[in-house]
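Make the full structure from the sequences, and use the hints.
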Amino acid sequence: MKVKVPKTLLTEHVALLERVIPTRSSNPLFTYLGLALTPDALVLFGTNGEVDLEVRLELPTEGEGRFLVPAQPFFQLVKSLPGDQVELDFGAELSLSSGSFSTRLSLAPDEGYPELFFPSLEGPAEPYPLQTLLPVEELLKALSHVRYAASNEEYRAIFRGVQLEFSEGGLRSVASDGYRLALYRLAKPQPFAKKVVVPARSVDEMVRVLKGMGEGEVALALGPGVLGLATGKGQLRMAVRLMEGEFPDYERVIPKEFPLKAAFDVEAFREALRRVSVLSDRQNHRVDLLFEEGRVLLSAEGDYGKGQEEVPVHLEGLPLAVAYNARYLLEALSPLSGQAVLLLSGPTSPSLVRPGEASSFTAGEAAEGYQAVVVPLRV
1 MKVKVPKTLL TEHVALLERV IPTRSSNPLF TYLGLALTPD ALVLFGTNGE
51 VDLEVRLELP TEGEGRFLVP AQPFFQLVKS LPGDQVELDF GAELSLSSGS
101 FSTRLSLAPD EGYPELFFPS LEGPAEPYPL QTLLPVEELL KALSHVRYAA
151 SNEEYRAIFR GVQLEFSEGG LRSVASDGYR LALYRLAKPQ PFAKKVVVPA
201 RSVDEMVRVL KGMGEGEVAL ALGPGVLGLA TGKGQLRMAV RLMEGEFPDY
251 ERVIPKEFPL KAAFDVEAFR EALRRVSVLS DRQNHRVDLL FEEGRVLLSA
301 EGDYGKGQEE VPVHLEGLPL AVAYNARYLL EALSPLSGQA VLLLSGPTSP
351 SLVRPGEASS FTAGEAAEGY QAVVVPLRV
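Read in order, the letters of the sequence shown are residues 1 to 379 in our numbering.
Keep in mind the hints are simulated off the structure, nothing from the lab. On a predicted model such as this, the values are computed, not experimentally measured, just so you know.
Result set (EDC-like, lysine to aspartate or glutamate): computed pairs, CA atoms no more than 20 angstroms apart in a straight line:
{"hint": "1", "residue 1": "Lys195", "residue 2": "Glu251"}
{"hint": "2", "residue 1": "Lys7", "residue 2": "Glu62"}
{"hint": "3", "residue 1": "Lys195", "residue 2": "Asp249"}
{"hint": "4", "residue 1": "Lys194", "residue 2": "Glu244"}
{"hint": "5", "residue 1": "Lys211", "residue 2": "Glu137"}
{"hint": "6", "residue 1": "Lys141", "residue 2": "Glu205"}
Cβ pair distances, simulated, as ranges:
{"hint": "7", "residue 1": "Gly178", "residue 2": "Gly214", "range": "34 to 42 angstroms"}
{"hint": "8", "residue 1": "Ser167", "residue 2": "Arg295", "range": "36 to 44 angstroms"}
{"hint": "9", "residue 1": "Gly63", "residue 2": "Ser167", "range": "43 to 51 angstroms"}
{"hint": "10", "residue 1": "Ala358", "residue 2": "Ala321", "range": "17 to 25 angstroms"}
{"hint": "11", "residue 1": "Phe192", "residue 2": "Glu316", "range": "36 to 44 angstroms"}
{"hint": "12", "residue 1": "Glu357", "residue 2": "Gly83", "range": "48 to 56 angstroms"}
{"hint": "13", "residue 1": "His314", "residue 2": "Val278", "range": "24 to 32 angstroms"}
{"hint": "14", "residue 1": "Gly214", "residue 2": "Leu318", "range": "44 to 52 angstroms"}
{"hint": "15", "residue 1": "Gly216", "residue 2": "Gly112", "range": "33 to 41 angstroms"}
{"hint": "16", "residue 1": "Gly214", "residue 2": "Gly170", "range": "22 to 30 angstroms"}
{"hint": "17", "residue 1": "Pro347", "residue 2": "Asp265", "range": "21 to 29 angstroms"}
{"hint": "18", "residue 1": "Arg66", "residue 2": "Lys256", "range": "54 to 62 angstroms"}
{"hint": "19", "residue 1": "Thr8", "residue 2": "Pro73", "range": "19 to 27 angstroms"}
{"hint": "20", "residue 1": "Gly63", "residue 2": "Glu12", "range": "23 to 31 angstroms"}
Every residue, glycine too, gets a C-beta built ideally from N, C-alpha and C.
And the structure:
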């Protein structure tokens, strides 16, 4: 049973699995990479118990079979092979050769290895009765634009994930750690109504995989306690375990009225905020913002000294002073480019960040796209 694979192709797909398969695990089989030969493909697969991943390389093969190889030595060898082609020959052991290099790796029986269930591009089926097709680029935005707001604290429970909400009105992604809130809305009607929470670490893997897909559509499927993803002609399939429960009502923290609205160039504001925040208090990273006619004055003071910088803004409303955790505000601005608007509901009540110009000074939820809620620091 043999297959020849271009080294660049094998290296590219092995990199996807390298972060999924653990170096250590309470289940030793999770540390193995799965290799399967079919009449027309080499299939690589692996799991860490939370994320399952399978990639399919369409190649001419000789024979059929399913094998497990120790993942870490295989990964390290593949990345450093000297030749342009890699030959894999399966028998009692795996013979791996490329250019002037050759070796043999022991194989483990796949008995006891968990069965991995992935969605099909052919439509809803067991164990994934609910399925929708989404543009790869839009799903990537929905996940990557909000991920930063998920909590890293164990005690935050459900807030350590990203909530996906499917409805007739579209798809919404939400993340929060109790201090800020990030939302992304795709106004594409969904064929089912459902709320699920994906662990933040699994979202990281989904984002990493989606970034390598380019354009096209991705099938997103839901089953009991699991979310599946499939692309292309089934060349890449993924399954992630879901968290139990859903977010409490977060709508109540989204402000609806704004006595002050500011529009500005994102890059200029962000760079000024970064510079000033270097001098902020190391505990709360406080930066004070004073909005006046045509400008905002950013200032900070800490153990290293104090500094300030002025940035031009377009204002609508009365002058207002407010303070933020600079890191939180920077992260809220991170998905944006060009122009942005900051809608302030008061000096200590939540503020809303959105893309857009002064013409987008409107209340309520944006029809589509990204927005974030940041809570100011108390004076």
